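Visitor: As a plain string of letters, each chain reads:
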Amino acid sequence: MTEGGKQPVVEARGFRKRYGAQRAVDGLDLTIHAGEIFGLIGPDGAGKSSFMKAVAGVLQFDGGSLSVFGTAIDSDAAAESIKDRIGLMPQGLGQNLYPDLSIEENVDFFARLRLVPQAEAEARKERLFAITRLGKFRARPMKQLSGGMKQKLGLVCTLIHAPLLIVLDEPTTGVDPVSRRDFWAILAELLQETGATALVSTAYLDEASRFDRVLLLHEGRALAAGEPSSLSAAQSGTVLTLHDLQSDEALQLARQFGYLEPRGRDWRLFLAGLNAEAAQAAITTLLGRTVQTRASEPELEDAFIALVGAPPAAPPVVVAQAHGAEPVIEARHLTRRFGDFVAVDDANFRVLPGEVFGLLGANGAGKTTAIKMLNGILPPSSGEGWVAGADMKRAGRAIKARIGYMSQAFSLYTDLTAIENIQLYASIYGLSRQQARERARWIVDMAGLAGFEDALAASLPMGLRQRLALGCALVHSPRVLFLDEPTSGVDPLGRRRFWDILFRLAREEGVAVLVTTHYMSEAERCDKLALMFAGRVVAEGTPASLKQALAARRGKLLALEVEAPRQALVQLQSAGVDASLHGRRLHCFVADPAAEAPRLCQLLASAGLAARALGELPASMEDVFVALMTELEAT
Amino acid sequence: MNLQRITAYAYKEWREIARDRLFFSLAFVVPPLLMLLFGVGLSLDVEHIPFVVIDQDHSQYSRDYAARYSSGPYFNLLGQLDHPDRLDTLMASGTVRAALIIPAGFGARLAAGKPTEVQTLIDGTFPSRALTTKGYLDAINAQANLDGLAKLLAQRSGLTEDAARQRLTPVKLAVRYRYNEAVLSLWSIVPKLLMVILMISPPFLTSIGVVREKESGAIFNLYASNLSRGEYLLGKLAPYVAISFLNAWVLWLMALWVFGVPFRGSLAFFALASGVYVLCTTGIGLLVSIATRSQVAAMIVTAIVTVVPAVLYSGVLIPVPSLGPTGQLIAHALPAMYYTEIAVGCFLKGSGMADLWPQLLVLAGYAAALFTAGFLLMSKRPKV
Numbered sequence: 128m129t130e131g132g133k134q135p136v137v138e139a140r141g142f143r144k145r146y147g148a149q150r151a152v153d154g155l156d157l158t159i160h161a162g163e164i165f166g167l168i169g170p171d172g173a174g175k176s177s178f179m180k181a182v183a184g185v186l187q188f189d190g191g192s193l194s195v196f197g198t199a200i201d202s203d204a205a206a207e208s209i210k211d212r213i214g215l216m217p218q219g220l221g222q223n224l225y226p227d228l229s230i231e232e233n234v235d236f237f238a239r240l241r242l243v244p245q246a247e248a249e250a251r252k253e254r255l256f257a258i259t260r261l262g263k264f265r266a267r268p269m270k271q272l273s274g275g276m277k278q279k280l281g282l283v284c285t286l287i288h289a290p291l292l293i294v295l296d297e298p299t300t301g302v303d304p305v306s307r308r309d310f311w312a313i314l315a316e317l318l319q320e321t322g323a324t325a326l327v328s329t330a331y332l333d334e335a336s337r338f339d340r341v342l343l344l345h346e347g348r349a350l351a352a353g354e355p356s357s358l359s360a361a362q363s364g365t366v367l368t369l370h371d372l373q374s375d376e377a378l379q380l381a382r383q384f385g386y387l388e389p390r391g392r393d394w395r396l397f398l399a400g401l402n403a404e405a406a407q408a409a410i411t412t413l414l415g416r417t418v419q420t421r422a423s424e425p426e427l428e429d430a431f432i433a434l435v436g437a438p439p440a441a442p443p444v445v446v447a448q449a450h451g452a453e454p455v456i457e458a459r460h461l462t463r464r465f466g467d468f469v470a471v472d473d474a475n476f477r478v479l480p481g482e483v484f485g486l487l488g489a490n491g492a493g494k495t496t497a498i499k500m501l502n503g504i505l506p507p508s509s510g511e512g513w514v515a516g517a518d519m520k521r522a523g524r525a526i527k528a529r530i531g532y533m534s535q536a537f538s539l540y541t542d543l544t545a546i547e548n549i550q551l552y553a554s555i556y557g558l559s560r561q562q563a564r565e566r567a568r569w570i571v572d573m574a575g576l577a578g579f580e581d582a583l584a585a586s587l588p589m590g591l592r593q594r595l596a597l598g599c600a601l602v603h604s605p606r607v608l609f610l611d612e613p614t615s616g617v618d619p620l621g622r623r624r625f626w627d628i629l630f631r632l633a634r635e636e637g638v639a640v641l642v643t644t645h646y647m648s649e650a651e652r653c654d655k656l657a658l659m660f661a662g663r664v665v666a667e668g669t670p671a672s673l674k675q676a677l678a679a680r681r682g683k684l685l686a687l688e689v690e691a692p693r694q695a696l697v698q699l700q701s702a703g704v705d706a707s708l709h710g711r712r713l714h715c716f717v718a719d720p721a722a723e724a725p726r727l728c729q730l731l732a733s734a735g736l737a738a739r740a741l742g743e744l745p746a747s748m749e750d751v752f753v754a755l756m757t758e759l760e761a762t
Numbered sequence: 184m185n186l187q188r189i190t191a192y193a194y195k196e197w198r199e200i201a202r203d204r205l206f207f208s209l210a211f212v213v214p215p216l217l218m219l220l221f222g223v224g225l226s227l228d229v230e231h232i233p234f235v236v237i238d239q240d241h242s243q244y245s246r247d248y249a250a251r252y253s254s255g256p257y258f259n260l261l262g263q264l265d266h267p268d269r270l271d272t273l274m275a276s277g278t279v280r281a282a283l284i285i286p287a288g289f290g291a292r293l294a295a296g297k298p299t300e301v302q303t304l305i306d307g308t309f310p311s312r313a314l315t316t317k318g319y320l321d322a323i324n325a326q327a328n329l330d331g332l333a334k335l336l337a338q339r340s341g342l343t344e345d346a347a348r349q350r351l352t353p354v355k356l357a358v359r360y361r362y363n364e365a366v367l368s369l370w371s372i373v374p375k376l377l378m379v380i381l382m383i384s385p386p387f388l389t390s391i392g393v394v395r396e397k398e399s400g401a402i403f404n405l406y407a408s409n410l411s412r413g414e415y416l417l418g419k420l421a422p423y424v425a426i427s428f429l430n431a432w433v434l435w436l437m438a439l440w441v442f443g444v445p446f447r448g449s450l451a452f453f454a455l456a457s458g459v460y461v462l463c464t465t466g467i468g469l470l471v472s473i474a475t476r477s478q479v480a481a482m483i484v485t486a487i488v489t490v491v492p493a494v495l496y497s498g499v500l501i502p503v504p505s506l507g508p509t510g511q512l513i514a515h516a517l518p519a520m521y522y523t524e525i526a527v528g529c530f531l532k533g534s535g536m537a538d539l540w541p542q543l544l545v546l547a548g549y550a551a552a553l554f555t556a557g558f559l560l561m562s563k564r565p566k567v
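Residue numbers (my numbering), protein chains in the order written: chain E, 128 to 762; chain Y, 184 to 567.
Don't take each hint at face value.
Not close to chain Y: a few residues of chain E, all C-beta gaps over 12 Å, as computed [stated by the list, open to error]:
{"no.": "1", "residue": "395"}
{"no.": "2", "residue": "691"}
{"no.": "3", "residue": "730"}
Stretch-level coverage of chain Y by chain E, calculated; a stretch enters the list once three of its residues show a Cβ under 8 Å from a Cβ in chain E [said to hold, decoys possible]:
{"no.": "4", "segment": "195-207"}
{"no.": "5", "segment": "407-416"}
{"no.": "6", "segment": "557-564"}
For the record, the hints were derived by calculation from the structure and aren't laboratory data.
Note that the coordinates shown come from a computational prediction; the quantities given were computed from them, not determined experimentally.
All residues carry an ideal CB built from backbone N, CA and C; glycine is no exception.
Please model the complete structure; the sequences and the hints are all you need to start from.
Guide: Laid out in structure tokens, this is it:
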């Protein structure tokens with residue numbers, strides 16, 4: 128994308144920003160060239176927002192240099208001089224939009240604010256509405272839009288004055304995978320049309336492939352930068368998925384390789400510096416037998432964790448124990464109506480003790496409502512929710528002592544210290560002083576809070592705060608645990624630790640865990656999954672069985688690397704191929720990848736598009752999710 | 184200054200106010216409602232005081248004496264008690280606020296020309312009401328004494344009772360109340376209520392309106408665009424100033440029609456002064472919004488910086504000259520007092536520009552200072 132001698136759009140050297148004593152960004156160097164999509168990837172608090180706001184000229188910074196369009200942003204006047212060429216979409220889904228105005232009124236406001244001539248504004252608005260498919264909802268007030276629609280409206284409002292640089296701060300956080308994929312496709316199309324440059328941030332590592340170049344940001348410093356494929360490739364190694372491990376074998380592997388990730392009944396192991404054969408050989412040597420394995424390329428998350436240089440955590444000594452076959456969470460024809468709106472529609476699923484059960488679905492699919500009914504917070508309109516042997520409709524307060532609940536918002540008291548939070552929850556649940564002390568010790572140990580006991584909850588890093596919230600939900604040793612998007616915005620290491628705790632609770636203590644998440648990599652870890660759509664459970668099963676069902680329905684995945692992905696996509700789709708754009712690659716559903724690969728390459732070559740088949744790709748949970756949702760939305 | 188950007192912002196703001204139910208009521212329902220509640224509830228006139236008589240004498244004298252109290256509008260005679268036992272309960276519950284205990288032998292002592300005492304009990308929980316009640320009792324008792332004296336003089340001197348009464352009170356005060364001829368507390372309070380409500384409502388609207396944009400992130404539309412600070416202030420605040428100015432007229436009409444207060448001054452001057460005052464109080468809201476980051480904080484700070492001065496240091500309850508030296512200093516440093524003088528002057532005294540221009544000048548200076556401070560303190564590229 129770069130042309131020799133051409134001026135970069137954004138150039139930062141030693142960029143620093145601090146808030147009081149806290150360093151948000153600590154010496155960042157980066158260059159963004161014209162026409163590229165540059166991704167800033169990192170967890171909450173990594174410093175992404177601070178940098179992006181400074182680029183947009185809406186935040187002062189403390190040190191280093193920053194120039195945008197060749198103008199050094201060193202004064203308010205300098206910042207002002209570039210704002211007509213910049214579009215900023217701040218963090219938070221549609222938070223900068225006006226809830227009481229309609230879609231069209233929001234767009235018109237931004238057009239007038241940006242002094243776009245009326246005829247030009249009208250033409251651009253219609254074009255943007257066409258691409259985002261918002262046109263038919265134009266009279267709808269913004270507050271009634273779904274998350275995905277708010278996000279698209281935010282994009283339209285940001286682009287209405289045709290900025291040369293657009294700055295999008297976490298546009299996909301809290302949005303379901305289908306809307307996310309849709310968003311990236313729209314963004315790519317619009318950028319190609321206008322030739323604008325984009326600086327985009329995300330907390331989802333698996334979105335890296337959407338960008339031309341990325342920078343991994345962690346605690347205000349750059350971990351690595353470059354093209355997304357080079358980042359994960361730089362971390363050479365192999366990921367093995369292992370089946371049928373004995374627990375002593377798992378223990379052995381974990382001791383040897385530092386970390387072994389439980390995925391349902393399978394295990395995932397990253398072996399740095401080894402190719403597939405060497406990795407499999409190493410396993411066979413260690414265990415003294417041949418284990419059934421599947422090898423795949425490392426993901427960016429593996430690279431991230433390796434780059435952070437995480438101290439090898441204590442191996443999760445997870446020994447599966449038998450915990451009975453009677454379900455402890457059961458939804459039977461669970462239904463909830465709000466007026467005419469059916470939030471949960473005849474939902475059925477069951478969770479066994481010791482099982483980690485994932486509830487997936489787009490925003491507004493009914494996940495939270497279902498959890499609230501099972502918790503006894505919300506009475507169902509019809510149907511039953513059974514938890515720990517009690518009908519939640521009739522269950523008294525006593526049953527709540529057997530349930531733990533952790534909400535998205537981490538219901539902690541931020542002005543209390545960690546230990547005070549634990550004590551507070553202990554007294555709410557009526558634990559004796561002795562029990563409370565023992566439990567607090569257990570939670571501090573479990574959550575890795577040692578040394579932070581007397582720190583205010585507000586001052587704890589995200590990951591710790593989240594584990595503290597989990598600890599508070601576990602203070603009364605519940606048999607059933609409900610978690611509603613517990614890991615939003617937490618860094619990969621933090622999420623990994625969190626899930627290790629969940630697995631320990633489930634496997635060792637037999638706790639039944641029901642969790643909702645937007646991270647598909649977390650969905651892969653669950654024993655069982657239920658997918659919700661428009662209030663209904665539309666698919667249920669283990670991750671493996673859901674993937675098999677996808678293969679039976681749509682075929683297997685063939686990955687193609689192409690030079691002009693958008694044109695190639697159009698070409699394939701017009702030839703009737705079930706293809707989708709995935710960053711710079713195309714994913715095609717075909718019956719037999721090996722046989723179809725030459726044919727598809729041929730097809731593209733005849734249209735003058737160079738393509739290379741990358742072979743069969745194991746379907747991910749995201750593929751399953753997106754495929755199901757798009758099929759359902761089409762009907 | 185670009186007019187299109189200003190009108191775009193003002194138009195957007197207006198639509199939000201009109202559609203948000205909470206905001207709409209804050210803008211259009213709360214001010215008249217406050218006027219009604221305060222106007223009806225804050226009357227300081229003390230009349231129809233619930234009152235009992237314990238007549239232990241049962242003579243013609245005692246009956247005549249007691250009857251004097253219930254004849255006027257001041258006391259509402261609830262009845263006679265035979266014994267003072269129940270009085271404690273009645274007074275404690277607030278059913279009775281004053282009582283007369285006429286002792287046995289009252290009539291006989293008077294007939295014999297001996298002085299006698301009537302025990303008077305007054306609920307002293309509200310000092311001003313208690314003092315007013317005592318004033319009424321004093322006046323009625325004095326009249327009774329005068330009548331008795333006049334009767335005696337008439338008997339001795341052969342004058343008529345009226346002539347005797349005139350001899351006994353050779354000098355009389357001829358009092359004429361000006362401006363508020365009937366000394367109705369409502370006439371005095373209602374113009375000041377305009378001041379109080381216009382001191383509270385615009386800052387609330389403004390501070391919440393600005394801070395909710397900060398809270399949501401919509402403020403970034405200002406920061407990230409070429410909308411200048413001046414344009415933002417004009418576009419964002421114009422609807423609030425306009426609504427508050429409209430409210431000034433609504434309250435004015437209520438004062439005239441609902442509360443029957445006369446308006447004797449210059450309407451043009453009052454309109455001008457009200458406009459400047461509303462601008463001034465909107466400026467207070469602007470400063471609060473710059474200093475706070477959440478709507479809750481904005482509301483609390485606004486309540487403190489507006490309600491306290493509007494009620495305590497403005498002359499609503501206590502005339503400013505009656506405040507202590509510190510209180511007077513505070514009153515003079517805040518805009519409320521000046522608008523109180525303007526409102527009272529325009530409604531009751533028939534004043535206009537000629538009398539009240541200094542007050543108007545102070546308010547204008549205040550508004551200019553607040554907006555200048557707001558403009559300077561605002562940043563499109565803040566540190567956090």
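Visitor: Does each hint fit the structure? Answer for all of them.
Guide: Checked hints:
no. : hint    : verdict
1   : 395     : 38 Å, holds
2   : 691     : 33 Å, holds
3   : 730     : 45 Å, holds
4   : 195-207 : holds (count 5)
5   : 407-416 : holds (count 4)
6   : 557-564 : holds (count 3)
Violated hints: none; the structure is consistent with every hint.
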